[in-house]
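Novice: For reference, the chains in residue letters:
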Amino acid sequence: MNESPNLAIACRGLEKWFDTFQALRGIDLDVKSGERIVICGPSGSGKSTLIRCFNGLEHHDAGSLVVAGTQLGTHGEGVEAVRRDVGMVFQQFNLFPHLTILENLCLAPLWVQKRPKKDIEDQAMEYLRRVKIPEQAHKYPAQLSGGQQQRVAIARALCMNPRIMLFDEPTSALDPEMIKEVLDVMSELAASGMTMVCVTHEMGFARQVADRVVFMDKGEIVEAAPPEEFFNRPQSERTKLFLAQVLQHT
Amino acid sequence: MRAKRRARDEWIHWARKKPTQALTSLVGLFLIVYLLLPVWHWAVTDANFLGSDRSACVGGGACWVFVRERFHQFLFGFYPADAYWRPLLTVAIGALSIGLLFVSRLGVLRLLIFVALPFIAWLILEGSLLGLPPVATDQWGGLLLTLIISVTGIAVSLPLGIFLALGRRSRLPLIRWLSVAFIELWRGVPLITVLFMASVMLPFFMPLGVEVDKLLRVLIGVTLFTSAYMAEVVRGGLQSIAKGQYEAAAALNLTSFQTMRLVILPQALRKVIPGIVNTFIGLFKDTSLVLIVGMFDLLGMVQTASTDPEWLGYSLEGYIFAGAMFWIFCFAMSRYSLRLERQLAYSSVERKQLT
Ligand SMILES: Nc1ncnc2c1ncn2[C@@H]1O[C@H](COP(=O)(O)OP(=O)(O)OP(=O)(O)O)[C@@H](O)[C@H]1O
Ligand SMILES: [Mg+2]
Chain A
923 MNESPNLAIA CRGLEKWFDT FQALRGIDLD VKSGERIVIC GPSGSGKSTL IRCFNGLEHH
983 DAGSLVVAGT QLGTHGEGVE AVRRDVGMVF QQFNLFPHLT ILENLCLAPL WVQKRPKKDI
1043 EDQAMEYLRR VKIPEQAHKY PAQLSGGQQQ RVAIARALCM NPRIMLFDEP TSALDPEMIK
1103 EVLDVMSELA ASGMTMVCVT HEMGFARQVA DRVVFMDKGE IVEAAPPEEF FNRPQSERTK
1163 LFLAQVLQHT
Chain B
425 MRAKRRARDE WIHWARKKPT QALTSLVGLF LIVYLLLPVW HWAVTDANFL GSDRSACVGG
485 GACWVFVRER FHQFLFGFYP ADAYWRPLLT VAIGALSIGL LFVSRLGVLR LLIFVALPFI
545 AWLILEGSLL GLPPVATDQW GGLLLTLIIS VTGIAVSLPL GIFLALGRRS RLPLIRWLSV
605 AFIELWRGVP LITVLFMASV MLPFFMPLGV EVDKLLRVLI GVTLFTSAYM AEVVRGGLQS
665 IAKGQYEAAA ALNLTSFQTM RLVILPQALR KVIPGIVNTF IGLFKDTSLV LIVGMFDLLG
725 MVQTASTDPE WLGYSLEGYI FAGAMFWIFC FAMSRYSLRL ERQLAYSSVE RKQLT
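First to last, the sequence lines map onto chains A and B. Positions 923 to 1172 (the working numbering) are the ones given, in order, by the first sequence. Positions 425 to 779 (the working numbering) are the ones given, in order, by the second sequence.
If you're looking for bench data, these hints aren't it; they were derived computationally from the structure. Just so it is clear, CB atoms sit at the ideal spot from N, CA and C, and this is done for glycine as well. Any given hint could turn out to be false.
Sample of chain A residues with no beta-carbon within 10 Å of chain B, all distances over it, derived [as the list claims (entries may be wrong)]:
id : residue
1  : Leu979
2  : Glu1002
3  : His1020
4  : Leu1029
5  : Asp1097
6  : Glu1151
Within a straight-line C-alpha distance of at most 25 Å, the following computed DSS-like cross-link-like pairs (lysine-lysine) qualify [as the list claims (entries may be wrong)]:
id : chain 1 : residue 1 : chain 2 : residue 2
7  : A       : Lys1061   : B       : Lys695
8  : A       : Lys1102   : A       : Lys1140
9  : A       : Lys1040   : A       : Lys1102
10 : B       : Lys695    : B       : Lys667
11 : A       : Lys1140   : A       : Lys1162
12 : B       : Lys709    : A       : Lys1061
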């Protein structure tokens, strides 16, 4: 294999089956270090499945997948090493409701990285300042708005010092007026040089932040191009149709 | 003074505005007083409180002399009277550890104290290991026995139930299968059968010469029986936790053990606090079934005492006393559960919904 050292994710011929249904049909995708990828496509096209393969929440069935320098096996070999370098943000936030915001941020650094508590709390507060909610540190998730919760979820993932961040539709569960505050945080993160793979239908975000936009349909990558090219000169009919549907709403 | 007047004005206002409601309420109130008045007369005004034998029962109402005379037996059974300080010390230690349950700063530690409690109780009550005159377990009785069985059952059945519930969801088929078999077996049998098995049948299966104390056998039976119910309560809690919680924990690289301990169980257990306490209350009341295998708990002692020819005809007073004792303990447990829920509520909004 010709692994270049600055590839964050190298994905070759990736296939995934759910019983008899094939969700991924041979995905080839390279993500360079520091690159920002936006993945879009119709519902059920396999976007979530793909991004969840990247941190081993789903195990692929065929093909090869190297994330942050570690080969992921079809039975989850290597997930532990991969997850050390990969953070993930979910559509439903998935904060731990029984812990305060600060505890949410500190839990994994304390138990997984086993660093000194003081360091961890200082770092957590630093990230809370970066997502602009340090004053909420001692509240519970249920006391925060959706946008605030999602920003906490981003900070929680960052507290593990990941090299790669995965986002699975981070704004889809939010009210319109809260989408911007989350996208702003993501844009700032992108500007700091973080490698990011985002599943999102926010085409404005894709235009401004992405290095490449990947369009998926029926478990395949149909088209992948820089945003300028992707939005202005889409090649395939399926992409044109999808863009027409999505952009009509914005 | 002003507040009182305002309250009275509100009542009058309400009565003017809703006359039928006010009328039915008045009639209802009158009926309740009318029906309860004879009970009041029987239990208090016509009752006898003083004296030392049945000749003191003259008023035609309740004769509480019976309860007073047998009070120590209701509490301690046939435990030797000159050693009452031992059960009293045990209960004091028990009360202290229950008091510790209210110190939220202790966290999980307060539960560990509870696990040690049965052993401490046994050391003091039995006594031989501490160099005290031994008191055989068949002399333990009354409220003391009720408390021993229920506290042991509570302390052991919760952790055991959690393990069984986790076992039932295990990925390993053998563990899953064994847990299901255990739970279904114990849930499918009436407690009375369990007690009979423990007291009558089990000795037959023991190797010759090996004798396990009857109280211990009953304790094991009651505990395993309760833990099967506890397992199902806990399983309900586990099932209510969304898949996203597991995924978030996995994405943060927590091990599956850490995920269970730090993320899933704390949420699952607090969701089922009412169910857990419900099981505890059930266990507490079910302890009175040990009467049928010849052990005398609080209710058993009352029953025995009221068949004594000297006090024939005064069993009602005894039963009322026993019922009141049971009620006090169960009510206390229910209030504690509410307090715990409120303490653990995630937000002030949620806290307000609990009353
Ligand atoms: N655990 C599963 N078991 C069975 N089928 C699944 C499972 N997860 C996903 N699928 C199927 O795989 C396909 C791809 O799902 P996926 O969640 O990756 O789609 P998606 O592109 O993220 O869609 P959406 O925009 O709705 O989130 C869908 O048809 C879905 O029904
Ligand atoms: Mg999806």
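Novice: Of the numbered hints stated previously, which ones are contradicted by the structure, given in increasing order?
Specialist: 1, 2, 3, 4, 8, 9, 12
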